[in-house]
Amino acid sequence: MPELPEVETIRRELSETVVGKRIVNVIINNPKVIRQPPAEKFKAGLINAVIKEVLRRAKVLVIALSNNKFLVIHLKMTGQLIYPGDGKKSRVTFCFADKTALDFNDARLFAELHLVDDWQKFPFIKQLGPEPQDITKEDFKKMLEEKKTQIKPLLMDQSFISGIGNLYAAEILFRAGIHPKRSAQSLTEKEKEKLFDAMREVIREAIKYHGSSVDQYVRLSGRPGDYVRYHKVYDRANQPCVVCKTAIKRITVGGRGTYFCPRCQQ
DNA sequence: AATGGGACCTGCGCGC
DNA sequence: TGCGCGCAGGTCCCAT
1 MPELPEVETI RRELSETVVG KRIVNVIINN PKVIRQPPAE KFKAGLINAV
51 IKEVLRRAKV LVIALSNNKF LVIHLKMTGQ LIYPGDGKKS RVTFCFADKT
101 ALDFNDARLF AELHLVDDWQ KFPFIKQLGP EPQDITKEDF KKMLEEKKTQ
151 IKPLLMDQSF ISGIGNLYAA EILFRAGIHP KRSAQSLTEK EKEKLFDAMR
201 EVIREAIKYH GSSVDQYVRL SGRPGDYVRY HKVYDRANQP CVVCKTAIKR
251 ITVGGRGTYF CPRCQQ
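If you're matching positions, the first sequence starts at 1 in my numbering and goes up one per residue.
Honestly, the hints are just simulated from the structure, not real lab data.
Fair warning: there could be bad hints in the mix.
Unchecked claim - Taking lysine-lysine and the DSS-like style, the derived pairs with C-alpha atoms no more than 27 Å apart in a straight line are:
#1 147 x 126
#2 208 x 76
#3 208 x 232
#4 32 x 121
#5 181 x 194
#6 194 x 208
#7 141 x 99
#8 32 x 76
#9 99 x 69
#10 147 x 41
#11 126 x 142
#12 181 x 137
#13 126 x 141
#14 126 x 137
Stated by the list, open to error - What follows is a set of in silico ranges between Cβ atoms, one per label pair, in the way DEER data are often shown:
#15 146 x 205: 28 to 34 Å
#16 40 x 246: 55 to 61 Å
#17 177 x 66: 47 to 53 Å
#18 99 x 193: 49 to 55 Å
#19 50 x 129: 18 to 24 Å
#20 251 x 117: 43 to 49 Å
#21 66 x 257: 40 to 46 Å
#22 87 x 214: 23 to 29 Å
#23 222 x 109: 44 to 50 Å
#24 223 x 145: 39 to 45 Å
Quick reminder that beta carbons are idealized off the backbone N, C-alpha and C, glycines included.
Make a model of the complete structure from these sequences and hints.
Listed below in structure tokens is the structure:
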């Protein structure tokens, strides 16, 4: 569930709290989340390193270390970072020299931790498309040309545009007034422009409100993000549309649960 | 090129 | 109250 706004929230909060801290121990309660290198080497590569900087690329966190290595974290759906942590339900706990700790939790074990020498060469990161804030309206219109896919799966295609997942794709399409099953090539110039604006606005507002706490996502402190209160369609099946009062529908598009207003989105 | 399905996992909410 | 089931979502992989 953590999408660009949630990961950016965590990035900012990590930047304010753990930069400058030295890792003195790594407690591995479940090695499954550590994808590379093997757990012992992973641990050895982190001990004594100081956190220099926290970066983000799309939904991926990149923690730059003083030993010139990078801790790459993809939270997938249920990954959480908690600071200060108590280690109670953590899969991995990073212990700092000042006796505080950063917990990495992940109920479903889909998340991934990697310790790498060059994060920009990390395959998943290499294949990512641009983020919404890195392109112009003209760029976006060009990208949509010749695309025959349904628009919602396309917005969630990380190699096309990166950072948008199921929740924000739904909210963006509602704001743009576009049905999630429309094919990209069927969009008019005006609709493409509206979609671009909606995409940028929704992402910006969601960051402003520290993301959406549905399911597992929480901020670094464990507090929820507030953007749920501004959701217009996501998880609102059968509730009235905030604009026209028509019941919000839930359908499946590209294998994913998809919420939309059948009247506002054509 | 586009689409659909299954796999990875576990916790939750539902119906009986 | 208890149990089994389907579902959730990010990404990859395979088949058509």
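To see whether the hints hold, each was checked on the structure:
no., hint, in the structure
1, 147 x 126, "21 Å, holds"
2, 208 x 76, "22 Å, holds"
3, 208 x 232, "17 Å, holds"
4, 32 x 121, "23 Å, holds"
5, 181 x 194, "17 Å, holds"
6, 194 x 208, "21 Å, holds"
7, 141 x 99, "51 Å, violated"
8, 32 x 76, "14 Å, holds"
9, 99 x 69, "23 Å, holds"
10, 147 x 41, "44 Å, violated"
11, 126 x 142, "21 Å, holds"
12, 181 x 137, "22 Å, holds"
13, 126 x 141, "23 Å, holds"
14, 126 x 137, "23 Å, holds"
15, 146 x 205: 28 to 34 Å, "31 Å, holds"
16, 40 x 246: 55 to 61 Å, "57 Å, holds"
17, 177 x 66: 47 to 53 Å, "49 Å, holds"
18, 99 x 193: 49 to 55 Å, "53 Å, holds"
19, 50 x 129: 18 to 24 Å, "33 Å, violated"
20, 251 x 117: 43 to 49 Å, "44 Å, holds"
21, 66 x 257: 40 to 46 Å, "43 Å, holds"
22, 87 x 214: 23 to 29 Å, "26 Å, holds"
23, 222 x 109: 44 to 50 Å, "20 Å, violated"
24, 223 x 145: 39 to 45 Å, "43 Å, holds"
Hint check: violations occur at hints 7, 10, 19, 23; the rest are consistent with the structure.
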